[in-house]
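K.L.:
Residues per chain are reported as follows:
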Amino acid sequence: MIARLTLRNAFVAAVLVLLALVPVYAALTGNTFLLSLFTRIVILAMAAVSLNLIMGFGGMVSFGHAAYLGIGGYVIGILAKEGVNSGFVQWPLALAVSALFAFAVGALSLRTRGVYFIMITLAFAQMVYYVAIGLDRYGGDDGLTIYKRSQFGELINLSNKTAFYYLCFVLLLATIYLVWRIVNSRFGLLIQGARSNDRRMRAIGFPTYRYKLTCFVIAGTICGLAGALLANHTDFISPAVMHWTRSGDLIVMAVLGGMGTVLGPVLGALALLVLEEALSGVTEYWQIIIGPIFLLVVLFARGGVDGLLAGMRRG
Amino acid sequence: MAEALLEIEGLSKRFGGIVASDGITLAVPKGELHAIIGPNGAGKTTLITQLAGEMRSDTGRIRFENRDVTALPTWRRSQLGLARSFQITSLFLDFTALDNVALAVQAHAGHSFHFWRDARSEPALREPARAALARVGLAERADVLVSRLSHGEHRQLEIAMALATSPRMLLLDEPMAGMGPDESARMVTILRELKGELTILLIEHDMEAVFALADRITVLVYGRIIASGLPQDIRANAEVRQAYLGEQEQAMQGVAQGAGHG
Chain X
1 MIARLTLRNA
11 FVAAVLVLLA
21 LVPVYAALTG
31 NTFLLSLFTR
41 IVILAMAAVS
51 LNLIMGFGGM
61 VSFGHAAYLG
71 IGGYVIGILA
81 KEGVNSGFVQ
91 WPLALAVSAL
101 FAFAVGALSL
111 RTRGVYFIMI
121 TLAFAQMVYY
131 VAIGLDRYGG
141 DDGLTIYKRS
151 QFGELINLSN
161 KTAFYYLCFV
171 LLLATIYLVW
181 RIVNSRFGLL
191 IQGARSNDRR
201 MRAIGFPTYR
211 YKLTCFVIAG
221 TICGLAGALL
231 ANHTDFISPA
241 VMHWTRSGDL
251 IVMAVLGGMG
261 TVLGPVLGAL
271 ALLVLEEALS
281 GVTEYWQIII
291 GPIFLLVVLF
301 ARGGVDGLLA
311 GMRRG
Chain B
1001 MAEALLEIEG
1011 LSKRFGGIVA
1021 SDGITLAVPK
1031 GELHAIIGPN
1041 GAGKTTLITQ
1051 LAGEMRSDTG
1061 RIRFENRDVT
1071 ALPTWRRSQL
1081 GLARSFQITS
1091 LFLDFTALDN
1101 VALAVQAHAG
1111 HSFHFWRDAR
1121 SEPALREPAR
1131 AALARVGLAE
1141 RADVLVSRLS
1151 HGEHRQLEIA
1161 MALATSPRML
1171 LLDEPMAGMG
1181 PDESARMVTI
1191 LRELKGELTI
1201 LLIEHDMEAV
1211 FALADRITVL
1221 VYGRIIASGL
1231 PQDIRANAEV
1241 RQAYLGEQEQ
1251 AMQGVAQGAG
1261 HG
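Protein chains in written order, with our numbering: chain X, 1 to 315; chain B, 1001 to 1262.
None of these hints come from the bench; they were simulated from the model. Certain hints may be false.
To be verified - Here are some, though not all, of the chain X residues that point toward chain B, as calculated from beta-carbon distances under 7 Å:
id : residue
1  : 11
2  : 40
3  : 161
4  : 181
5  : 190
What the hints assert, rightly or not - Ranges of calculated distance between the beta carbons of each label pair, as one might list FRET restraints:
id : chain 1 : residue 1 : chain 2 : residue 2 : range
6  : X       : 148       : B       : 1116      : 33 to 39 Å
7  : B       : 1127      : X       : 302       : 31 to 37 Å
8  : X       : 302       : B       : 1058      : 40 to 46 Å
9  : X       : 294       : B       : 1066      : 56 to 62 Å
10 : X       : 199       : B       : 1180      : 38 to 44 Å
Cβ atoms here follow ideal geometry from the backbone N, Cα and C, with glycine treated the same way.
Given the sequences, and given the hints that come with them, work out the whole structure.
P.N.:
Here it is, written out as structure tokens:
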């Protein structure tokens, strides 16, 4: 595919270059907080990109996507607590458990649609949330401190903040590339067709359920990886990561950035978290300002940040 | 008589107190264009929906190519070669015309667990899709977003999508609904070309088109078949005239005169 040099592509490229340079800037200025903030942004952007695969492309509005952040994180936390520190064990297990959970949630929720789908995904996420609160051995409500980050031998030292940032960044790029390949593949076109008109898809001969379920599992697995990263980043995991408002945040990121585009959620995560950081410095009621901004985007700029950039070319 | 491709036996469906289809028994031989007519609410679309498998029937059996398909889901029936079009245009609006048809091709080109290769650059999907578009006269409009196509073009695209599934039988639900005279005439031409090559079950309100195309006609009133036979028999049937055609007497006379030439 030929990448056209549009304002939008230029902007996205600039954002990615800036993201790549964050550790350099942090090192020069000694601003470790900035590096930490952007590590979080990159990780949550990954989660938002995965949510957007099912929500933006597949039309499956999951209101429980933060559950996978928690599941990925708890697998790391619980294993670390039990003395299993090898990332080669922790990470594949985090992915596998996330995938399994996504399979169970998807198998049931995909039999419904609309509001019921949203409610069932939310209900499952709430279940996991309360299970985590009930895990007394692993901190219950207070959460669990992770004393040792995942060990990858000589391969990479996750305690090195710059190395960890670049690992997250590369995994985000890999996720974006993977999702981009998927949405343009046979599988991806099928998923988008099912969003647009599921009945017609079945009429032309597609058993859509199994494909949507697969898509749901892919998204959950990617988000589980983001959860594993998040736990390593904060050295801590608690039920709060899975609170339903966190799922809401992920939806806001996808909508704010522009659903139905692969990169939109990255811009959305960036916009939301930077705004949150900047505004919370000004007032503790920062949500009063974010709310109307979100409303304006939904009302007047359906395509989100990404859509605005694409529109400017025409305007 | 040719072997029956589609056999319907005692098919019924009720919604609460309303009987949408009431013991419908019908056989469509291979190669026939069989039209179903009847007043609004006669249960014509319900019948297509039952045949396509989108709605479970309360009683009765459906056999397609000597195979009982009564319990099969929609997509399995499509895979066996039973393709339907929709009365209310049902397309993928945010895709191009070519993308729409290519999806229909893809549905019959093996499984779709292909995650990597760009599907829009696969000749195996695009070329048959272009051919199907050409058959309905939409070759020039392949790359236009469906939401930008006219109503008449949507109707043509409906047919192209059904054709792209390489069907053995078409279930067409009012392909001429909402069309102007010119567009209708074009659709009649398209259907005439398909006739003979494919077995077709046609639901249509446009009597001129029905009598011009059909080999046999079945009349449905309140979910029941009141007559079934050759076009000239249906035209002469008193019960049919009373139940349905009376209101269209004028149109019928026009058709009768038109048929005189053939």
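K.L.:
Compare the structure with each hint and give your call.
P.N.:
These are the hints, each one checked on the structure:
1. Hint on residue 11 of chain X is violated. Least Cβ distance to chain B is approximately 23 Å, over the 7 Å limit.
2. For residue 40 of chain X, the suggested interface contact is broken, since its CB lies about 29 Å from the closest CB of chain B, more than 7 Å.
3. With a least beta-carbon distance of about 34 Å to chain B, the hint placing residue 161 of chain X at the interface is violated under the 7 Å criterion.
4. Interface restraint check: residue 181 of chain X against chain B, minimum CB-CB distance 5 Å, threshold 7 Å, status holds.
5. Taking 7 Å as the C-beta contact cut-off toward chain B, the hint placing residue 190 of chain X at the interface holds, the least distance being around 5 Å.
6. In this structure, residue 148 of chain X and residue 1116 of chain B meet the distance hint of 33 to 39 Å, their C-beta atoms being roughly 37 Å apart.
7. Range check, residue 1127 of chain B to residue 302 of chain X: Cβ separation about 35 Å, and the 31 to 37 Å hint holds.
8. Here the CB-CB span from residue 302 of chain X to residue 1058 of chain B is close to 43 Å, well matched to the stated 40 to 46 Å.
9. Range check, residue 294 of chain X to residue 1066 of chain B: Cβ separation about 59 Å, and the 56 to 62 Å hint holds.
10. Distance hint check: the CB atoms of residue 199 of chain X and residue 1180 of chain B are about 27 Å apart, inconsistent with the given range 38 to 44 Å.
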